[in-house]
Amino acid sequence: MTMQKETNFEVNLFPVISLLAVLISFLLLTAVWEHIGSLSVKQAVGQSQMDQNQEDSSSLWIEIDAQGTFTVQIKERNERVVQSMKFRQSQDIYQRLTKVVASLHSRYPQIHMAFVAASAKTPYQSVIRALEILKLSKFKDIGVSPLG
Amino acid sequence: MKNSMLLNQNIQSPVNGFKRVRPQKGKGSRAISATLILTSLVDAFSILVIYLLVNSSQTPHNIDRDQSIELPTADFSEVLKNGLGVKVTSHGYIFKDQTLNAHQLRQALIQSLKEELVSESDAKSLIVQADKNASFDQVSPLLAIASDAGIAEIKFATLGSQ
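Here the protein sequences line up with chains A and B, keeping their order. So the mapping is simple: the working numbering equals the position in the first sequence, first residue as 1, plus 11. So the mapping is simple: the working numbering equals the position in the second sequence, first residue as 1, plus 1152.
Take these hints with a grain of salt, some might be off.
Unchecked claim - Straight-line Cα separation of at most 27 Å, DSSO-like style, residue types lysine-lysine; simulated pairs:
| id | chain 1 | residue 1 | chain 2 | residue 2 |
| --- | --- | --- | --- | --- |
| 1 | B | Lys-1284 | A | Lys-97 |
| 2 | B | Lys-1276 | A | Lys-146 |
| 3 | A | Lys-53 | B | Lys-1276 |
| 4 | B | Lys-1284 | A | Lys-146 |
| 5 | A | Lys-146 | B | Lys-1233 |
| 6 | B | Lys-1233 | A | Lys-151 |
If you're looking for bench data, these hints aren't it; they were derived computationally from the structure.
Turn these sequences into a full structure, and let the hints steer you where they fit.
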């Protein structure tokens, strides 16, 4: 007399799926979707001076006044302005600025330093936009300073 | 073998239980093969879980995001690494859950750098969280404060617009 009992070796996947579904729901509810990044600037520490042995210490400046007017300047070491361009507030101001800064960087490839100078009443968002434009144009040393 | 745990268990496939799928008697008694392929579903769920686990925690642990501060947007930004976080508000600067003025913040930053024995260069940076509508004169004193405290790198926290 042979007793044949049917055995089923299938792994029951329903509990696994239930567990994963709960896990996915939990993660979807608790996930932080906003991406926080940063724009970094470097500055002199304490009383130290800037590197005096730069090959060319010309620099590019983006000045922003309280009315939101951007002035892009190429300055020599002795503060002499070589080139200056003004951009008044408009819808496509950031696109135009990006193009101009990129073209200036390709025209003066020896310039590695760039600064954003903002007046006291300049919105913080404008300063960040200016920094972003300089980062996009791949300037190595970027600084921020108050205007005037 | 007779006492095997598997023999005693009467595991039934949930699909077999349905009469429509497996008719018992009569004319149309041919079994219809309609098993649900759950393995691929488990695979998809697993991938989803791994993706969510990896992408859900991008913010460094010591940066607590203040919902009252609306960060400025920037499409092009770097990954935010660890550093000393300072929030700029209309009442002053918030550092380690304390509202401080400029002088107190300078002292607190110097003290913090000494206490934490900062060895990594990444940690010796200041992460600034300021509202996008704030004026620059609220943020600019931080540049001098950080310089005095011996912090060379300042990171302005931004929100990706994507």
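Quick rundown of the hints versus the structure:
no. : hint                   : in the structure
1   : B/Lys-1284 x A/Lys-97  : 23 Å, holds
2   : B/Lys-1276 x A/Lys-146 : 21 Å, holds
3   : A/Lys-53 x B/Lys-1276  : 12 Å, holds
4   : B/Lys-1284 x A/Lys-146 : 19 Å, holds
5   : A/Lys-146 x B/Lys-1233 : 17 Å, holds
6   : B/Lys-1233 x A/Lys-151 : 19 Å, holds
Going through the hint list in order, the structure satisfies each hint without exception.
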